[in-house]
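Using the sequences provided together with the hints, build the complete structure.
Protein chains in written order, with the working numbering: chain A, 1 to 318; chain B, 1 to 298.
None of these hints come from the bench; they were simulated from the model.
Source: prediction; values computed, not measured.
Don't be surprised by glycine CBs; every beta carbon is placed ideally from N, CA and C.
With beta-carbon atoms standing in for the labels, derived distance ranges: (1) B:Leu37 x A:Lys6: 49 to 57 Å; (2) A:Glu31 x B:Met216: 36 to 44 Å; (3) A:Asn209 x B:Met190: 22 to 30 Å; (4) A:Ser45 x B:Ile47: 51 to 59 Å; (5) A:Tyr215 x B:Arg136: 32 to 40 Å.
Computed footprint of chain B on chain A, listed as stretches where at least three residues anywhere in the stretch have a Cβ under 8 Å from a Cβ of chain B: (6) 131 to 143; (7) 150 to 156; (8) 271 to 279.
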Amino acid sequence: MGKILKLIGQRLAIGLLVLWIVSLIIFAGLEFLPGDLAQEILGQSATPESLAAFRKELGLDQPMHTRYLGWLGGALKGDFGVSLANQREISELIGIRFANTIFLAVLAAIISVPIALTLGILAALYRNSLYDRMVNILTLSSISFPEFFIAYILIYIFSVNLDIFPSLANVSADTPLWERIYTCLLPALTLTLVVVAHMMRMTRASIINLLASPYIEMANLKGMKKARVILYHALPNALAPIINVVAINLAYLIVGVVIVEVVFVYPGLGQLIVDSVQKRDMPVVQACSLIFAGTYVLLNLTADILSIITNPRMLYPK
Amino acid sequence: MTQQTSTIGESTDAAPPPVYKTSRFKTAMRELKKAPLSAKFGLLIIILYVIAALFAPVFAPFGESEIVGTEYEPWGDKFFLGTDNLGRDMLSRLLYGARNTVGIAFVTTLFAFLIGGVAGIFAAILGGWADQVLSRAIDILMAIPQLIFALLLLTIFGTSIPVLIGIIAVLDSTRVFRLARSVSLNVVVMDYVEVARLRGERLGWITIKEVLPNIMPPLVAEFGLRFCFVFLLISGLSFLGLGLQPPTADWGSMVRDNATLITYGDITPLLPAAAIALLTVGTNFVVDWFLHKTSGLK
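This is the structure we're talking about:
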């Protein structure tokens, strides 16, 4: 048990280190922004006095490391400063949007994980059958499709022709849960189609790998029933790769929402970051990138740690 | 893309010892005949796209950003696929889009391979602290999701074509670095590399003459996959309005500009998106076949 804790501690330390360096990179972005921030906001006609006062207000007269510490400290407390575009508190802009994005990603995950795992395991069991080949071609195609293509095809079918779902996912804070799920179904379906292909292929590959190992062959040669081989011999060892696959794809989902949110005009973090990049509103972009990158790193870290816990062989590294 | 198809032909006949120019071509053709339907379909698509990209001005009935009619004209004789939101000919823009979108994705992938490939092989040959520093730096860069990183960098440097190519090439070279390093690691321990080292050959010579020829097949396959990925990423950015800037015809932004038509039941805006999807599907099919051929996987 001591060993496993040490291993997990190591991963956690590495994860935190990565998070810290990521925050450094994101912060450094502001430093490389060409031109003077104060000048950019106040315009060319600003007097030197007002520029100096404004710099002081933003803390731009401080040395870089002081500002970094201030920024990081604020970010940890959820205070990201003010937006350059409309002078609003960034935390105020982000709060509800982040919750919306998480809601969409979770909804997509709830739909996609069971589908992907079932399809993947079936494809691995009936390898090289007609079903496997069909699924292979289908997933290869759906990986190749740009997200907005899938999104617009779904809009074309379900909201224009069949008129079942709305083409805009307009939700507000007081939308009741069922209505929220209903409006978010098309975006969630788009994400599902994108992510199922990845998840299914990875599941299939890891199960095939597993089924090729000698102890499974042994179990088969002993004349065991197929169901027993899979449930008692294969599944416990397949858990680790499957959990890994799921966590990696959840991380992918968090980032994948950006384009889908724009297509469906969904009030989430992805929409916000795209708008802010267009306006070159650096503090907002920084805040959003930090949240996206942080979630991504944390999910990957979770995948790492879960695969250690579920795989006994990881306990005894060579 | 032509380069890619020719390299596929070259490496498929690596097995027979006497390699002459003519037989090389013949073996390539023979392999091609044996290829599965999906690979042939993929190759056909790639060839068609290359032709469309090279001869866009010949085929296109109108200029790239020439306003020739009123907005959103339906499909007809004069405008085969109608006109877009500014009254420009859709078909012409689709053809020019092949040139811009595919061309830029191709150039970006080339740069990514130049940076990542060279750095990866260097890391494998040099080993030691150079390898450690490079690998750890790449690990951290890969910990940040690519799209988010691209958005951050685009905010800093602004959106222009050279900046776009540079940013995506650097971000994507991390993946190339990992692959190039891991496949080169198997080659640099070979005796002939050791001999070259003892002979006092320079790093560049070892890279190009000793290591590179032996890691070509996985790199070529990866080139196809990376191209798809870069192509989708750039189209995605263009769709968000952060990639290629107007009036350049580009498939991603064409979808965005004309998206309103979909709500009226018109599928014209889906055409550029379908063009993107078709090329990536085709490339994936060819890569799939090529991986089967070179790795002997079944």
